[in-house]
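Student: Next come the chains, spelled out residue by residue.
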Amino acid sequence: MVFLILVLILLSAIVIAGSLGSARISFPDVVKIIASPTPSIDDGIKDTSRIIIWKIRLPRIILTVLVGMGLGVSGAVFQGIFRNPMANPYILGVSSGAAFGVTLGMIMGLQITFLGIGAIPISAFAGAISASVVVYLISGGGRDILPLLLSGIAMGFLLSAMISLLMYFNRSQLENIVYWTMGSFNAANWQKAAITAPVILPGSIFIIIFARDLNLMVLGEDSAKSMGVSVKKSRLIFLLVSTIITASAVAVSGVIGFVGLIVPHAMRIITGPDHRTLIPYSMLGGAILLLIADTIARTIIAPTEIPVGIVTSLLGAPFFLFLLNRMRNPK
Amino acid sequence: MIDELVIETKNLNWAYNGIKVLDNVSMDIRFGTFTGILGPNGAGKTTLIKLFLNLLQVEKNSILIRGKDIKVYSRKELAKIEAYVPQNVKIDFNFTVEQVVLMGRTPFLGRFDRESGKDIQIAERAMKETSVLGLKSKLITQLSGGELQRVIIARALTQEPIIMVLDEPTSHLDIHHQINILSILRTLAEREGLTIIAVLHDVNLALEYCDNLFLLDQGKIVNSGSPEKVITPEIMKDVYNLNVKITKNPFTGNIHMIHDYA
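Chains as they are written, first to last, in my numbering: chain A, 4 to 334; chain B, 31 to 292.
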């Protein structure tokens, strides 16, 4: 029931996001345009509206929804694996790795493309995956949880220092790099959506199938094993899949904070901590939150756009404090 | 079934980073008995029971579960035979009591199965056994220590195991909760034929509730058998360096240890 309400909220958010912008398009027109991509004779909709929706707004909306879903899912997974409600998808160094990859790529003037995807997403993805693999390996292959957490933090500091160093010697790229790390969807297009969807959607479904193992892992490693879970194997699968999801999200949108931390929290309040329901809810919650944030980011001081990561942090940080407070004084 | 050996170890050795933790441990545990494992800190008690559960790697044929090498069982198969109640369970997520107890059904469910009515019945019976049925909708994070321990035992019972292994199930509990937990376990052994293996730290409680005791010191079994046989003034002097006298508990007639506090 609540799930259906969330689906309705997401659909409404999509229509609202399609309507808002420099050219206002009415809600019914947005629905009509999305429902029938090819123009039919005299439906009274301007061709420009159709182009704006299909070429500009819809790819951006779809990409935002996908990234929001990915961050929501991987946030819930990382919080479960680390048995810590304060964990987030960037805990294994995905964000700093991606930022490092992008910094390096921009400075070297990398000019590669792959399946219509440019150099920045490719270097971000490569950096994110490499950093997490290194963190995983130096912490002893995830045998224990604490070394993994600490190695992730150490890796974050190391890469940040290296990014700063690179920026210091390449000041011409400073603005581009800083802007990328704030997160934005203004370079969204259908190619990005088309390459992100086959990673994030199957990855999320895969995680939903294995979600019961996460419930048991929250009770502790030995307990989970004694109930028949192969903890090491499950943990590796979860880390791998959610790292790939996070890395592809970061690759197409930059570092967007707080979504992966806050969405699973909020959803846990609505539906409880059972990961079999929490993860589908977190997909929806992430999509809704990020779509709203991005719509605010591109319309609030139009025609100027602010990076969506700033909006999520502005909304997210106070909410996070509220949650902390709630945890300290439960009811 | 009554005389069946459910767990046997044969000259079990185990070392961690080259340091010997268990040294030539041989023991037999029979079906339906309540076995206590005693010994000072660092004696290897927790290691021993973790080996019983295949939570630590052990050499081939050094532990037999129902006559078969523990290594031949898959985790799932073993989970249908043995259940584990670890020490100091801490859960930071707001699961309800019922959700946690139902997790015990996991070894019986396929990847795509949801818990059926039968699984819920089994969980409810387990909660009744440990008197937590009334708490089933409460959040696990809001329970007292004694309540939480009874919930974890109910979760273990929901696995419908033959053997339940518990690591210091009464530590950090008030004395009346300690007695409550051990009485529940005693009843389960007597009425349901559950084999209970518990690491215990209170010698007198072990004397009251256990059928058999193993006393471990520095990785070796120094004494085993019935409570009267295992706990003697000489042994207590050797292992714990304590002066004790053995008397009878006037309430129960079981043997009881008293200390010379000087």
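Hints are computed from structural coordinates only; laboratory data are not their basis. Glycine is no exception: its CB is placed at the ideal position from the N, C-alpha and C atoms. Take the hints with a grain of salt, since some may be wrong.
With a straight-line Cα cutoff of 35 angstroms, these simulated DSBU-like cross-link-like pairs (lysine-lysine) come out [unchecked claim]: (1) K236(A) / K259(B); (2) K168(B) / K235(A); (3) K106(B) / K250(B); (4) K101(B) / K236(A); (5) K259(B) / K235(A); (6) K166(B) / K236(A); (7) K166(B) / K235(A); (8) K98(B) / K80(B); (9) K235(A) / K275(B); (10) K98(B) / K40(B).
Some but not every residue of chain B turned toward chain A, in silico, with C-beta under 7 angstroms [stated by the list, open to error]: (11) Y103; (12) R105; (13) K106; (14) N124; (15) G176; (16) I276; (17) F281.
Student: All hints are to be evaluated individually against the structure, with a verdict given for each.
Tutor: How the hints compare with the structure:
{"no.": "1", "hint": "K236(A) / K259(B)", "in the structure": "45 angstroms, violated"}
{"no.": "2", "hint": "K168(B) / K235(A)", "in the structure": "31 angstroms, holds"}
{"no.": "3", "hint": "K106(B) / K250(B)", "in the structure": "31 angstroms, holds"}
{"no.": "4", "hint": "K101(B) / K236(A)", "in the structure": "18 angstroms, holds"}
{"no.": "5", "hint": "K259(B) / K235(A)", "in the structure": "42 angstroms, violated"}
{"no.": "6", "hint": "K166(B) / K236(A)", "in the structure": "32 angstroms, holds"}
{"no.": "7", "hint": "K166(B) / K235(A)", "in the structure": "31 angstroms, holds"}
{"no.": "8", "hint": "K98(B) / K80(B)", "in the structure": "17 angstroms, holds"}
{"no.": "9", "hint": "K235(A) / K275(B)", "in the structure": "49 angstroms, violated"}
{"no.": "10", "hint": "K98(B) / K40(B)", "in the structure": "12 angstroms, holds"}
{"no.": "11", "hint": "Y103", "in the structure": "10 angstroms, violated"}
{"no.": "12", "hint": "R105", "in the structure": "5 angstroms, holds"}
{"no.": "13", "hint": "K106", "in the structure": "4 angstroms, holds"}
{"no.": "14", "hint": "N124", "in the structure": "6 angstroms, holds"}
{"no.": "15", "hint": "G176", "in the structure": "18 angstroms, violated"}
{"no.": "16", "hint": "I276", "in the structure": "36 angstroms, violated"}
{"no.": "17", "hint": "F281", "in the structure": "35 angstroms, violated"}
Checked against the numbered hints above, the structure breaks hints 1, 5, 9, 11, 15, 16 and 17 and satisfies the rest.
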